[in-house]
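> Sequence:
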Amino acid sequence: MGNLTLFATAFMVAFSGAMMPGPLLTVAINQSLRRGIVVGPLISLGHGLMEILVVGALLVGLGQLLEHGLVAAAVALGGGLVLAWMGYGMIREGWQGEISLDLEQGKEQRDGKGAFAAGVVATVANPYWLLWWATIGANFVALARQGGALGLVSFFSGHILADFLWYTLVAFLVFTGKGLLTDKLYRGLIVVLGFFLVGLALYFIFSVGLSGLGLLG
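Take the sequence shown: its position 192, counted from the start at 1, is 192 in the numbering used here, and no numbers get skipped.
It is worth saying that the hints were derived from the structure and are not from the lab. Treat the hints loosely; a few may be bogus.
To be verified - Per label pair, the in silico range of CB-to-CB distance:
(1) G2 with L81: 39 to 45 Å
(2) T176 with S16: 44 to 50 Å
(3) V192 with G78: 24 to 30 Å
(4) G56 with G177: 22 to 28 Å
(5) Q96 with G177: 49 to 55 Å
(6) G188 with A149: 18 to 24 Å
Note that beta-carbon positions come from the ideal geometry of N, C-alpha and C, so glycine has one too.
Starting from the given sequences, assemble the full structure and let the hints guide the process.
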């Protein structure tokens, strides 16, 4: 596979994955409403930093370790607990009215520092992210290595570009439509997103984590 084909393939695979609902998309919507369009690029950077690290780890053999059943279950259990904590915080803030779309609040938070950290946390809290890299991602890395350094750059640049474009688009669409949302609707959206994260967390904990550890019979 040539480097251009590798770039295009990595882009399409990553873009299709980024479009699927998950913790990173949920956090992107939540953060964009309060911090603006800058959230998209910053969340992508936080996410990309973690992906650089995992690609490096795959190059030294982490993929085989993550394919072990007990390791995958432990990753799912830990990630699920973090997702549950994030979801609970969103539900509490929305339900108790601790957050709003106040423009002054938005200006204070527009620095985006929280968005970068949110991109990191939402990435590592998703156990399927590691499992994806242990399987599909590991195969891509092995293929890219055949092209040397240029092959690896082609793969990773295509992959991260898809995330960058998608989450920037999401942030733009969410923030530009913010004027249509009242505080009540906004808080309701945050609560719904929070419940989504909790539901996803329970799935990870029970269907992947505890089941993989043999604790559900």
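> Check each numbered hint from earlier against the structure, then list the numbers of those it violates in ascending order.
Hints 2, 4, 5 and 6 are the ones this structure does not satisfy, whereas the remaining hints hold.
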